[in-house]
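*Asks:* In case you want the letters, here they are:
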Amino acid sequence: MQNHLIKTNRFSKVLIGFLSLGMLGIVLITMLISYNLIFFSHEVAKENPEVAYMRIPVLIISELIIGLFLIACILSFGVLFNYWKNRIFSKSSVVLLRIMSLCFALIIIPCVVLIIYTMQNVDGSITNLWVNFGIVISFVAACIFALISNLVEQGLKYKEENELTI
Amino acid sequence: MSIIVNLDVMLAKRKMTLTELSEQIDLSLNNLSVLKTGKARAIRFSTLEKICEVLECQPGDILEYRIANQPD
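Chains H and W, in that order, give the protein sequences. Mapping to numbering that gives the first Met the number 0: the first sequence position 83 is 82, numbers consecutive. Mapping to numbering that gives the first Met the number 0: the second sequence position 11 is 10, numbers consecutive.
Hint data in this document are derived by calculation from the structure and do not stem from the laboratory. Here the structure is a predicted model, which means the values were calculated and not measured. From the three backbone atoms N, C-alpha and C, an ideal C-beta is built for every residue, glycine too. Don't take every hint at face value.
Claimed, not checked - Here are the simulated lysine-lysine pairs, DSS-like style, with alpha carbons at most 30 Å apart:
| no. | chain 1 | residue 1 | chain 2 | residue 2 |
| --- | --- | --- | --- | --- |
| 1 | W | K49 | W | K35 |
| 2 | H | K158 | W | K38 |
| 3 | W | K12 | W | K35 |
| 4 | H | K12 | H | K90 |
| 5 | W | K14 | W | K49 |
| 6 | H | K90 | H | K158 |
| 7 | W | K38 | W | K49 |
| 8 | H | K156 | H | K84 |
| 9 | H | K158 | H | K45 |
| 10 | H | K84 | H | K12 |
| 11 | H | K90 | W | K12 |
| 12 | W | K49 | H | K156 |
| 13 | H | K158 | W | K35 |
| 14 | W | K14 | H | K156 |
| 15 | H | K158 | H | K84 |
| 16 | W | K12 | W | K49 |
| 17 | W | K38 | H | K90 |
| 18 | H | K12 | H | K156 |
| 19 | H | K84 | W | K38 |
| 20 | W | K35 | W | K14 |
| 21 | W | K49 | H | K158 |
| 22 | W | K38 | W | K12 |
| 23 | H | K156 | H | K90 |
| 24 | W | K14 | W | K38 |
| 25 | W | K35 | H | K156 |
As the list claims (entries may be wrong) - A few chain W residues that don't get close to chain H, going by computed Cβ distances all over 10 Å:
| no. | residue |
| --- | --- |
| 26 | I3 |
| 27 | K12 |
| 28 | R13 |
| 29 | K14 |
| 30 | M15 |
| 31 | T16 |
| 32 | E19 |
| 33 | E22 |
| 34 | T46 |
| 35 | E48 |
| 36 | C51 |
| 37 | E52 |
| 38 | G59 |
| 39 | D60 |
With the rest of the complex left out, here is chain H (with noise of 0.2 Å):
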């Protein structure tokens, strides 16, 4: 039994260490993309001189989703390395979990702004199209986050529970 757990334990520190580093290229590449975002505005603004305009607007919108999606990825490194150090189920975990789900949350207002900003002033962007797919899978995350949190959150009392029981 205690061996089972053991290999458990091990495979579950190898997840991790492949999870971090999975998220490490995540944020390298979010923060790239951030980067590149602003000579990229520059060029479709060169391109399409009629909606130049638009460039800071939407340039600022994106990088809102862009900083918040990073701040949730940069959060779930606190959580791996509680997984880690075997304190998943403590309050902190709870408290990153439910930052990271308002952070997808929030990712829809923005997206929503950039909507309605784009079909005021295009006609048939094909923008928005990406946007909705960017708003269900942000939803989707926030409720994912919102019910992991939940259950870490039920877990840390049952652990409490166990805990004070002499």
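Given the coordinates of chain H, assemble chain W onto it according to the supplied hints.
*Replies:* What follows is chain W alone, placed relative to chain H:
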């Protein structure tokens, strides 16, 4: 909480320290301290049995029910 743990009273009656009790019932001092200070949420029958055996008392000597707002 309405359930009061009178472990300290029983220990004083038996002239025994918490450390001695923890050694005899094979329970950590930390856990016994949690029980003594009334921070415990529950107590296992096995733990209660060991305590009663060592302190030569009844569960009622260790646990007491007191109405929540009743003054001491």
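*Asks:* Does each hint fit the structure? Answer for all of them.
*Replies:* We went through each hint and held it up to the structure:
This hinted pair checks out: W/K49 and W/K35 have alpha carbons roughly 15 Å apart, not beyond 30 Å. Proposed proximity of H/K158 and W/K38 is supported: the alpha carbons are some 15 Å apart, at most 30 Å. The hinted pair formed by W/K12 and W/K35 meets the criterion: a straight-line CA distance of about 15 Å does not exceed 30 Å. Our distance criterion of 30 Å between C-alpha atoms is met by H/K12 and H/K90, whose separation comes to about 21 Å.
This hinted pair checks out: W/K14 and W/K49 have alpha carbons roughly 17 Å apart, not beyond 30 Å. At roughly 12 Å between alpha-carbon atoms, H/K90 and H/K158 fall within 30 Å of each other, so this suggested pair holds. Taking the CA atoms of W/K38 and W/K49, the gap is near 19 Å; set against the 30 Å cutoff, the hint holds. Between H/K156 and H/K84 the CA atoms are separated by roughly 19 Å; this keeps the pair inside 30 Å, and the hint holds.
At most 30 Å may separate the alpha-carbon atoms for a hinted pair to count; H/K158 and H/K45 exceed this at roughly 59 Å. Under the criterion of a C-alpha separation no larger than 30 Å, the hint pairing H/K84 with H/K12 is consistent with the structure, at around 9 Å. Restraint check: the Cα-Cα separation between H/K90 and W/K12 comes to about 41 Å, which exceeds 30 Å; the hinted pair is violated. Of the pairs offered as hints, the one joining W/K49 and H/K156 holds, with about 27 Å between alpha carbons and a cut-off of 30 Å not exceeded.
A distance of roughly 20 Å separates the Cα atoms of H/K158 and W/K35; the hinted pair therefore holds under the 30 Å criterion. Proposed proximity of W/K14 and H/K156 is contradicted: the alpha carbons are some 37 Å apart, above 30 Å. Using a Cα cut-off of 30 Å, the hinted pair H/K158 and H/K84 holds, with the two alpha carbons roughly 16 Å apart. Only pairs whose Cα atoms come within 30 Å are accepted, and W/K12 paired with W/K49 is accepted, the gap being roughly 17 Å.
This hinted pair checks out: W/K38 and H/K90 have alpha carbons roughly 19 Å apart, not beyond 30 Å. This hinted pair checks out: H/K12 and H/K156 have alpha carbons roughly 24 Å apart, not beyond 30 Å. This hinted pair checks out: H/K84 and W/K38 have alpha carbons roughly 26 Å apart, not beyond 30 Å. For the hint pairing W/K35 with W/K14, the CA-to-CA distance comes to about 15 Å; that is within 30 Å, so the pair holds.
Of the pairs offered as hints, the one joining W/K49 and H/K158 holds, with about 24 Å between alpha carbons and a cut-off of 30 Å not exceeded. A hinted pair counts as satisfied when its Cα atoms are at most 30 Å apart, and W/K38 with W/K12 qualifies at roughly 22 Å. For the suggested pair H/K156 and H/K90, the alpha carbons sit about 10 Å apart, so the restraint of at most 30 Å is met. Proposed proximity of W/K14 and W/K38 is supported: the alpha carbons are some 23 Å apart, at most 30 Å.
Pair hint W/K35 plus H/K156 holds up; C-alpha atoms about 22 Å apart against a cutoff of 30 Å. No Cβ of chain H comes within 10 Å of the Cβ of W/I3; the nearest lies about 15 Å off, and the non-interface call holds. At roughly 20 Å, the least C-beta separation between W/K12 and chain H is larger than 10 Å, which holds for a residue marked as non-interface. The Cβ of W/R13 sits about 19 Å from the closest Cβ of chain H, beyond the 10 Å cut-off, so the non-interface label holds.
With a least CB separation of 23 Å from chain H, W/K14 remains clear of the 10 Å interface cut-off, as annotated. Residue-level check passed: W/M15 sits 17 Å from the nearest beta carbon of chain H, beyond 10 Å. A cut-off of 10 Å between C-beta atoms confirms that W/T16 is not in contact with chain H; the least separation is 18 Å. Listed as a non-interface residue, W/E19 keeps its Cβ farther than 10 Å from every Cβ of chain H; the least gap is roughly 17 Å.
Interface exclusion of W/E22 from chain H stands, the closest Cβ pair being 16 Å apart, more than 10 Å. A cut-off of 10 Å between C-beta atoms contradicts the statement that W/T46 is not in contact with chain H; the least separation is 5 Å. With a cut of 10 Å on Cβ distances, W/E48 stays outside the contact zone with chain H, its closest approach being about 13 Å. At the 10 Å boundary, the C-beta of W/C51 stays outside the reach of chain H, the nearest C-beta of that chain being 14 Å off.
Every CB of chain H is more than 10 Å from the CB of W/E52 (nearest about 16 Å), matching its label as outside the interface. Listed as outside the interface, W/G59 is consistent with that label: its C-beta sits roughly 18 Å from the nearest C-beta of chain H, beyond the 10 Å cut-off. The Cβ of W/D60 sits about 17 Å from the closest Cβ of chain H, beyond the 10 Å cut-off, so the non-interface label holds.
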